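Q: Construct the entire structure; sequences and hints are all you get.
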Amino acid sequence: MTAAPLLSVRDLSVSFNDRFTAVREASFDIHPGELVGVVGESGSGKSVSALAVMGLLPPTAKVTGSIHFQGRDLLALPRRELRKLRGRDIGIIFQEPMTSLNPVFTIGDQIAEAIRVHSPMSKKAAWDRATELLEQVGVPAPRRRLLDYPHQLSGGLRQRVMIAIALSSSPKLLIADEPTTALDVTIQAQLLDLLNKLRQDFGTAILLITHNMGVMAEVADRVVVMYASRIVEQASIFDLFDRPQHPYTSGLLGSTPELDGEAHRLRTIAGAMPNPAELPPGCLFAPRCPKAVPACLEMQPPLLPVTPAQSAACIRAPGLASEGAR
Amino acid sequence: MTTPLLSVDGLSKEFPVAGDNWLAPKQTLRAVQSVSFELGSRQTLGLVGESGCGKSTTGRLILQLIEPTSGSVRFNGRDLATMPREELRQLRSSMQIIFQDPQASLNPRHRVEDLILEPLYAQGEKPSARLTNYAGELLDKVGLSRRHLSRFPHEFSGGQRQRIGIARAIASKPQLIVCDEAVSALDVSVQAQVINLLQDLQDELGLSYLFIGHDLAVVRHIADTMAIMYLGRIVEMGPKREFYGRPLHPYAQALLGSVPVSHPSKRHSRKRLEGEIPSPLNPPTGCHFHPRCRFARDICKQQVPQLRSISPTRQAACHFAEEIAAG
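These protein sequences, in sequence, are chains E and L.
Number 48 in our numbering belongs to position 48 of the first sequence; there are no gaps in the numbering.
Number 262 in our numbering belongs to position 262 of the second sequence; there are no gaps in the numbering.
Hints in this document: simulated from the structure, not taken from any laboratory.
Mixed in with the good hints there might be a few duds.
What the hints assert, rightly or not - What follows is a set of in silico ranges between Cβ atoms, one per label pair, in the way DEER data are often shown: (1) 36/L / 58/E: 47 to 57 Å; (2) 16/L / 147/E: 27 to 37 Å; (3) 125/L / 17/E: 45 to 55 Å; (4) 278/E / 16/L: 49 to 59 Å; (5) 128/E / 104/L: 24 to 34 Å; (6) 3/L / 102/E: 26 to 36 Å; (7) 143/L / 17/E: 28 to 38 Å; (8) 184/L / 281/E: 30 to 40 Å; (9) 2/L / 270/E: 48 to 58 Å.
Stated by the list, open to error - Listed next, the stretches of chain E that the computed footprint assigns to chain L, with coverage defined by at least 3 CB atoms under 8 Å from CB atoms of chain L: (10) 163-177; (11) 184-194; (12) 202-214; (13) 266-279.
Said to hold, decoys possible - Derived lysine-lysine pairs resembling DSS-like cross-links, with alpha carbons at most 30 Å apart: (14) 197/E / 173/L; (15) 62/E / 123/E; (16) 84/E / 62/E; (17) 141/L / 291/E; (18) 301/L / 266/L; (19) 124/E / 62/E; (20) 172/E / 266/L; (21) 123/E / 84/E; (22) 141/L / 173/L.
From a predicted model like this one, the values you see are computed outputs, not experimental measurements.
We put the beta carbon where it would ideally sit given N, CA and C, even for glycine.
A: Written out as structure tokens, the structure reads:
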């Protein structure tokens, strides 16, 4: 892609108390209108990366590297400036909408407040705009819903309200951290359709954090795979599913239960994620890797391009493609 | 015909629920409504549905952890409800359960050895060197090791804790294990390990599973027979292969259609199920599914469709199941 990226993350590292490093040297871009997924298991650093982009990490976190949004380095921005940007140009939705909504205010109050923070207007006008937003995110009978309190809504509807709030200032980037994980599958499917519609209608770029490869297959253009604090592979969604270059990606795909084909025995990745306090030397995945060779234990392989559009952090990556890793 | 291991007939459970305010009359939540099925030896029944459909309540009713409002549960042909208390207590060792959250179901103050042997202590056994040795064997079986016997639950990862939960479930040599969302909280790579472990144990120990879950892709890898629940009722039941090949009930079709695709080339704008799951306190009349069903006609609003045979092996609770099956 030739256009300048909307968001450009370079060598992002996040550590806590100088003891525990959650993210190591992560670099990735998001272009306008693109849906980039970050996939990984618990403890991979995917959510911490997203929080770093949002500037929502606690003060104890040590963040290095750079995060450029529309050319401005978010890490160098004064707090006030960052606050203005967040919410206006970057919208955010989380996994659990109940904890993100204030239980003592109506839905209408909360959406209207979000609208008026970024564009001053009368209360009446803000409520009208709130009705419009709820309609856009597919909430039935929106005017009546505005008078409801969060507890009166189902999980799916609450998440739609969160999306409406995130969209209230027409952000260029929407960051969604496991937005469908707590929801039933039929509701998850509706929300994924909604995210797709938002991209088409408003050209919103989306950074979607998830642990679910199926969700990636449904909506992502490009995927960043994280394992134990590092990005191990980056590729377009088709390259990733057809020609995974990193053995961890292949393992993740193989252990995902599927609806098609024979209900074969699931492939597994032996062992478990390493303890962040006792990381193995060399490649962090080597102890679990079926393709590991002695050289893997010597150094952490950098993320290198395998093709112009795909990169992997594996010393055996260039050879993996021909072996049909999946 | 031989007696099935587990036979559930017309099982129902109603919970009284307080009204909206203190003057309002009490309401009744019909969590499970005349659920019937059989489960044979060495078989796995996948019981699938979304939040609030009554699948977990069904599992607890079968184990007599809560008392049914009506209906019967027979285990090896014997009715559990009418069985003397002492006999039921002894029979409990043949029926075990694995919960979703191993963190919450393992007492944090107990060592792994005592956690695993708890079902045996409940049967009156006393700690002994023989039992310690047995606990070690169980840990080997579930992919841990006897080194772990004296550790506490917090020293383990989520996947390892679930293995401890499984070791505890098989300790009393049960015939039936109810797996209540047993792999739902686990990471994908660990989930696959635990599913494979459950399959290996089934082959080795001749277990039957009632596998309760919400993810049709996961359940497909372990079940022999499928039962789909919606708002307290089973809406479809049949052999796995036939079910996944072509579900009969419109809800089952929608549920299957909502599972994320396995490859980006299979993305398509398919018919999504609209609306939300209605409140089980105030379910729709007639067929519970009619307000969201694209095939619904007048009869669906008035008459509750019974779960009936559509083919020799399959059942569905839909007035138009044959029509829908014919496409």
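Q: Taking 30 Å as the top limit, are the C-alpha atoms of residue 197/E and residue 173/L close enough?
A: Violated, at about 53 Å.
Q: Cβ-Cβ distance between residue 128/E and residue 104/L: within 24 to 34 Å?
A: With Cβ atoms ~46 Å apart, the hint is violated.
Q: CB of residue 143/L to CB of residue 17/E, is that within 28 to 38 Å?
A: At roughly 33 Å between Cβ atoms, residue 17/E and residue 143/L fall inside 28 to 38 Å, so the hint holds.
Q: Given the hint of 27 to 37 Å, check if residue 16/L and residue 147/E actually sit that far apart at their C-beta atoms.
A: 30 Å, holds
Q: Check the following: the C-beta atoms of residue 184/L and residue 281/E are separated by a distance inside 30 to 40 Å.
A: The hinted range 30 to 40 Å holds for residue 184/L and residue 281/E, with Cβ atoms some 35 Å apart.
Q: Verify the CB-CB distance for residue 36/L and residue 58/E against the hinted window 47 to 57 Å.
A: 54 Å, holds
Q: Tell me whether the statement that chain L covers the stretch 184-194 of chain E is true, taking a Cβ distance below 8 Å and needing three residues at minimum.
A: holds (count 9)
Q: Cβ-Cβ distance between residue 125/L and residue 17/E: within 45 to 55 Å?
A: 47 Å, holds
Q: Is the hinted pair residue 84/E and residue 62/E satisfied, with a Cα-Cα distance of at most 30 Å?
A: 22 Å, holds
Q: For residue 62/E and residue 123/E, compute the direct alpha-carbon distance and say whether it is at most 30 Å.
A: 40 Å, violated
Q: Given the hinted pair residue 301/L and residue 266/L, is their Cα-Cα distance within 30 Å?
A: Outside the cut-off at roughly 35 Å; violated.
Q: Within the stretch 202-214 of chain E, is the number of residues with a Cβ closer than 8 Å to a Cβ of chain L three or more?
A: holds (count 4)
Checked against the numbered hints listed earlier, the structure breaks hints 5, 6, 9, 10, 14, 15, 18, 19; every other hint is satisfied.
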